[in-house]
Amino acid sequence: MSTEDVKRDPEGKEPFISGHTLGSVSHKIGDVTTLPMKKLPKFWYGGILIGITLVQLLFLAVYTLIVKGTGIWGLNVPVAWGFAIINFVWWIGIGHAGTLISAILFLFRQDWRMSIARFAEAMTLFAVVCAGLFPLLHVGRPWMVYWLFPYPNTMGMWPQFRSPLLWDVFAVSTYATVSILFWYTGLVPDLATMRAKAKDLWIKKIYHGMSLGWTGAARHWHRYEIAYLLLAGLSTPLVLSVHSIVSLDFAVSVEPGWHTTVFPPYFVAGAIFAGFAMVLTFMIPVRSIFGFKDLLTDRHLDNMCKVMLFSGLIVAYGYLMEVFFMWYSGSPFERFAEVNRFFGPYHNQYWALILCNVLVPQLLWAPKVRQNPLIIFIICQFISVGMWLERFVIVIISLHRDFLTSSWRQYAGTEWDWMMYIGTMGLFLTLVFIFIRTLPIIAIFEMRELVHKSHDDDHGHDDHQEESE
Amino acid sequence: MKSELDINPYGVVAEFSDDKQVLNAAHKAREAGYTIMEAYSPVPVHGLDEALGRKRSILPYLVLLGGLTGCIGGFFMQTWMSHIDYPWNIGGRPSFSWPAFIPVTFELTILCSALTTVIGMFSLNGLPRPHHPIFNTPNFDRSAIDHYFLCIEAKDPKYDEEEVIKFLQELGPEAVTPITDA
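Protein chains in written order, with this note's numbering: chain B, 11 to 479; chain A, 151 to 332.
A few of these clues could be false.
[What the hints assert, rightly or not] Listed below are the simulated DSBU-like cross-link pairs for lysine-lysine, each with C-alpha atoms no more than 35 Å apart in a straight line:
1) 48(B) with 209(B)
2) 305(A) with 178(A)
3) 215(B) with 305(A)
4) 316(A) with 463(B)
5) 463(B) with 205(A)
6) 463(B) with 170(A)
7) 305(A) with 214(B)
8) 205(A) with 215(B)
9) 170(A) with 209(B)
10) 463(B) with 178(A)
11) 49(B) with 303(B)
12) 170(A) with 215(B)
It is worth saying that the hints were derived from the structure and are not from the lab.
Start from the sequences and build out the full structure, keeping to the hints where you can.
If you want it as structure tokens, here you go:
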């Protein structure tokens with residue numbers, strides 16, 4: 011598609027994709043998974059190679075951790091929450107964009123979401139997998155992790171239901187389950203399409219099994235649409251609750267720098283901010299390499315940038331309010347935490363955070379920037395780093411100097427901390443590239459619906475005449 | 151292997167290349183008095199379900215029931231565990247501290263509703279089902295890509311293969327094929 015075709019229309023009424031038929035979208039998207047291995051682009055091989063290499067670091071880090079214990083991490087007292095919590099919050103935040111796109115934008119009938127929903131939902135799942143690893147290993151004895159759940163046991167004890175950490179267990183496991191359900195439900199009609207397209211008998215059978223024998227019967231579609239709407243409706247409050255509850259892990263405590271009511275909304279906004287940055291990081295290369303520029307147009311990028319800018323502004327407002335209320339509280343400990351944040355031993359991290367999350371994203375105000383995929387990609391990297399720094403600032407700076415001066419201590423991640431963090435990135439990359447190869451990365455049936463709808467709009471006038479005749 | 155005797159006709163399938171045609175065909179078939187039929191399409195076609203004479207699904211009520219179960223069950227689970235079975239005295243605060251039970255109650259409400267939605271939808275649809283006679287239709291693969299199919303089933307009281315074929319052929323299909331259930 012040439013650049014003239016994707017000019018933004020100010021009224022937003024033009025269909026997001028044009029020049030496609032039901033058959034052409036089905037084949038175009040499905041072809042990526044049926045392509046012979048030899049014809050796959052080098053990008054795919056490069057991506058999965060890096061991913062699998064980095065996963066080895068994860069294996070090594072997890073193995074050593076289990077053998078030697080959490081002492082290999084940089085944790086100390088008072089900083090008992092180090093990289094594990096930073097990375098957990100970072101990953102779980104990245105996942106939020108997927109649910110936002112698939113649920114909230116669905117309820118608002120934003121058709122442009124259809125092109126990115128599947129990929130973003132898959133990213134949600136993979137990000138939750140990476141996130142889940144950290145608390146799982148942070149407990150020290152991961153094989154005892156079932157103790158977190160209320161199950162009848164010989165000790166006759168139950169978990170502490172008044173603790174935000176337990177709320178987190180329920181929030182994150184519900185989020186993981188519902189994300190899988192939502193993603194899989196969306197995949198079923200597409201798996202039927204893949205079954206229809208597959209040539210190899212065994213591949214056909216696998217897709218058929220995974221599609222649960224979907225036939226596309228009218229009564230099935232009817233219930234399917236109801237179920238999809240219900241899932242969207244259920245996921246919307248869920249996604250808002252998950253990061254709110256994560257933020258309560260901090261906000262419910264009386265730690266200076268944590269004890270603030272602005273945390274839940276600003277964590278949710280930060281999650282959307284980080285999530286969109288990650289979706290764009292993958293979408294920009296994928297759409298050019300697999301030739302999806304007609305399905306994932308420049309207008310999609312433009313819209314996503316606007317969401318990012320908006321959520322970024324909420325985050326910036328959150329930073330401002332945090333700082334204001336630390337001063338306004340009048341508490342000497344809060345005020346000290348504030349000064350320590352600006353000028354303390356970790357001031358570099360704080361100012362880098364402001365640069366990455368507040369200053370750089372302001373470039374997105376310019377329409378020219380929002381039309382340049384390369385610049386968007388670079389901005390997204392700043393945001394990803396910035397969101398990690400945000401959690402560093404919250405976790406480390408608040409903890410390392412709290413009430414009692416005698417227990418102040420510096421914190422630094424060890425090589426095992428870094429290895430584990432980079433290892434989860436490898437896991438994420440690997441899962442994303444396996445997904446790109448095996449399942450349709452754009453929801454085919456939704457694209458068909460979009461094509462169907464735009465055709466109906468084109469012919470709407472003729473139909474009316476036919477009916478009246 | 152099934153013997154010839156076990157094989158019964160399943161119905162007659164008409165293949166259409168346009169959703170307007172299948173919608174029209176469904177309306178005509180109902181007017182002609184056929185009741186047991188099903189349409190297969192690559193996209194949900196609005197109005198098709200009404201044309202086939204179906205009521206709204208009970209799924210939303212099931213989900214409401216699932217949600218209420220999660221909500222009430224979750225709340226009473228926490229109350230029983232922290233207040234009745236093993237009360238803890240934490241700083242003299244009441245053991246029935248219900249506001250602290252709300253987040254988990256909420257999460258369990260969503261969890262049970264979502265599970266009911268998906269399990270309910272698939273089981274009402276009779277899925278997973280490894281084989282369905284409709285897959286015997288030639289070219290049925292295109293029902294998942296860009297073609298629309300209407301099947302008038304043999305169970306229909308008005309079913310007569312010759313007549314149904316003749317009837318469907320008048321509606322402008324790409325093909326009309328009788329299929330068996332094996």
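Okay, the hints, checked on the actual structure:
Our distance criterion of 35 Å between C-alpha atoms is met by residue 48(B) and residue 209(B), whose separation comes to about 17 Å. Annotation: proposed proximity of residue 305(A) to residue 178(A) holds, straight-line Cα distance about 18 Å (limit 35 Å). Using a Cα cut-off of 35 Å, the hinted pair residue 215(B) and residue 305(A) holds, with the two alpha carbons roughly 29 Å apart. About 32 Å separates the Cα atoms of residue 316(A) and residue 463(B), which keeps this hinted pair within 35 Å; it holds.
Taken as a hint, the residue 463(B) and residue 205(A) pair is honoured in the structure, with Cα atoms around 24 Å apart against an allowance of 35 Å. Between the alpha carbons of residue 463(B) and residue 170(A) the distance comes to roughly 13 Å, so the proposed pair stays at or under 35 Å and holds. Between residue 305(A) and residue 214(B) the alpha-carbon distance is near 30 Å, which keeps this suggested pair within the 35 Å criterion. As the CA atoms of residue 205(A) and residue 215(B) are separated by approximately 33 Å, the hinted pair is consistent with the 35 Å bound.
Of the pairs offered as hints, the one joining residue 170(A) and residue 209(B) holds, with about 30 Å between alpha carbons and a cut-off of 35 Å not exceeded. In summary, the hint linking residue 463(B) to residue 178(A) is supported, as the alpha carbons are separated by about 24 Å, within the 35 Å threshold. With a C-alpha separation of about 19 Å, the suggested pair residue 49(B) and residue 303(B) falls inside the 35 Å cut-off, and the hint holds. Taking the CA atoms of residue 170(A) and residue 215(B), the gap is near 32 Å; set against the 35 Å cutoff, the hint holds.
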